[in-house]
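**Student:** Protein sequences appear in the order of chains A and B. Numbering-wise (the working numbering), the first sequence opens with residue 1 and increments by one. Numbering-wise (the working numbering), the second sequence opens with residue 1001 and increments by one.
Watch out, some of these pointers could steer you wrong.
[As the list claims (entries may be wrong)] Here are the simulated PhoX-like pairs of lysine-lysine, each with C-alpha atoms no more than 25 angstroms apart in a straight line: (1) B:K1140 <-> A:K179; (2) B:K1140 <-> B:K1128; (3) A:K95 <-> B:K1068; (4) B:K1114 <-> A:K179; (5) B:K1068 <-> B:K1140; (6) B:K1231 <-> B:K1068; (7) B:K1196 <-> B:K1128; (8) B:K1068 <-> B:K1128; (9) B:K1020 <-> B:K1007.
Note that these hints are calculated values from the structure, not bench results. No experiment lies behind these values; they were computed from the predicted model shown.
Listed here are the chains, written in short residue letters.
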Amino acid sequence: MNAYAGRKVVNLVMMVLCGLAALGALLPLGSVLWLVVSHGVAGLNFTFFTALPKPVGEAGGGVGNAVVGTLQIVALACVIGLPLGVGAGVFLAEKGDSALGNAVRFTAEVLSGVPSIVVGIVAYGLVVVPMKRFSAIAGAVALAILMVPTLARGTEELVRLVPRSIREAALGLGVPEWKTSLRVVLRTALGGVATAALLAIARATGETAPLLFTALNNQYWNVRPDQPTASLTVQIFNYAISPYDDWHQKAWSAALVLLLLVGGLNLTARALTRNRLKGAR
Amino acid sequence: MSTPEAKLNVTHLNAGYGDKAIIRDVNIAVPANSVLAVIGPSGCGKSTFLRCLNRMHELGPGAHSEGKILLDGLDINSGDVDPVLLRRRVGMVFQRPNPFPTMSIFDNVAAGLKLNRVKGNHAEVVEKSLKQAALWDEVKDRLNASALSLSGGQQQRLCIARALAIEPEVLLMDEPASALDPIATAKVEQLIHELKARYTIVIVTHNMQQAARVSDHTAFFYMGELVEHDKTETIFTRPSKPRTEDYVTGKFG
């Protein structure tokens, strides 16, 4: 066998291995989608989105309060986390070559590696204990702590991509430095920052552990942010570990709803990125 | 050369980064409503000199400068001069066109007014500035289009309009035509002729024909020093220093 034929064989073997690896990577995603959709679709109907949970044994009922609760907690987390994360990112990009900047960057890196259940405990100590009750705010604080480090680093990268000449153009017009950073440089990077924010929100939406002992749960409608609040993820957890078949069905259906929510956010983020690439000539 | 009536009067200017001196002991005066061309080989300190005039130089890491720069007799480096306000009197056009990519043509020109919360009729100012920059006829029907939809030459004239909209007294131009084709360059040069009536202009250029065409005075920088400064005609016909003659006749640099 000559060298050329040998190379062709090696090439073929490697191609097959790579293809198998790609299939292997897709397999978990495909099976998760298949399982959740096939099990969940049976329990989906209009009242599932609008009704409160029913006690065991009673037919019907839904996760309406958990859908609202999830949106409420995530919205609150955005109010806390987005300005902090984006602001820290802009600071790191503009003034990050300092001792403080390095400290912030190091902290963000450590924080992004902290397990989410630990963040939940921190929020419990920070919010639940002083307030003496579980609340949507406590859950939002936990999710915000998870969002901030990834968002800060993402924003920093994107703001650094804005050319120096754009900064100088604004400074040359007699625009103060802080205004240049926020109204010109950040605005130029906004498409990318919005994408990073949506991905951070999608990740926070799917978290269960930080909500278990912060937002807890609630069987009823609740709009007050200082009260225990239901969320899809905790509801799924409770339904899934229960011994009742009816609740198992509800867990699958709620999981499907959550998947659609997070998937929708991801697809929106992708669409935004694509438009941005098109916009940049 | 220094006269009290000069718009800009620079005496004993030194500037650099950290231990590195970029320009040394520069003395020069720029009369009002005139064009000063600054020529010299790359790295001779032309741009640094220009950036000292609106205090953009000090934004670089470790930047420092000493000496006096008087604008209408006011020391621009004194403690009570806000560099932000100074830059509204001393506008700047950069080497590469740098319009704000997320803004429309209109918003680019109005950016200085909007960001500085200047009240008044922005549409009027935008039209006037675009006309001064000889761009109005080309863009008047698509003011809301992205600034990036313009060609390079148009973008540079847009940047000039943007600088003019805040009505500066002095206009600094850092090789404004070096990224442009000959036709766009001719337009920008024509523009400089027209703007002279209203503004005092300092232009850095690598192109000696351009310096000869657009300026009243020319300053030749070499290795951070001002070698010679005189009427443009004199510099290009009978310079007093042999080094200037070598440079303008293309023997080096």
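**Student:** The structure should be examined with respect to each hint, and the outcome stated for every one.
**Tutor:** The hints, checked one at a time:
Taken as a hint, the K1140 of chain B and K179 of chain A pair is broken in the structure, with Cα atoms around 29 angstroms apart against an allowance of 25 angstroms. For the suggested pair K1140 of chain B and K1128 of chain B, the alpha carbons sit about 11 angstroms apart, so the restraint of at most 25 angstroms is met. With a CA separation close to 29 angstroms, the supplied pair K95 of chain A and K1068 of chain B exceeds the 25 angstroms bound. At roughly 11 angstroms between alpha-carbon atoms, K1114 of chain B and K179 of chain A fall within 25 angstroms of each other, so this suggested pair holds.
A distance of roughly 43 angstroms separates the Cα atoms of K1068 of chain B and K1140 of chain B; the hinted pair therefore is violated under the 25 angstroms criterion. For the hint linking K1231 of chain B to K1068 of chain B, the alpha-carbon distance of about 23 angstroms falls within 25 angstroms, and the restraint holds. Proximity of K1196 of chain B to K1128 of chain B is assessed by CA-CA distance (about 16 angstroms); at most 25 angstroms being required, the pair is judged to hold. Distance check on the hinted pair: K1068 of chain B and K1128 of chain B sit about 34 angstroms apart at the alpha-carbon level, beyond 25 angstroms; violated.
This hinted pair does not check out: K1020 of chain B and K1007 of chain B have alpha carbons roughly 29 angstroms apart, beyond 25 angstroms.
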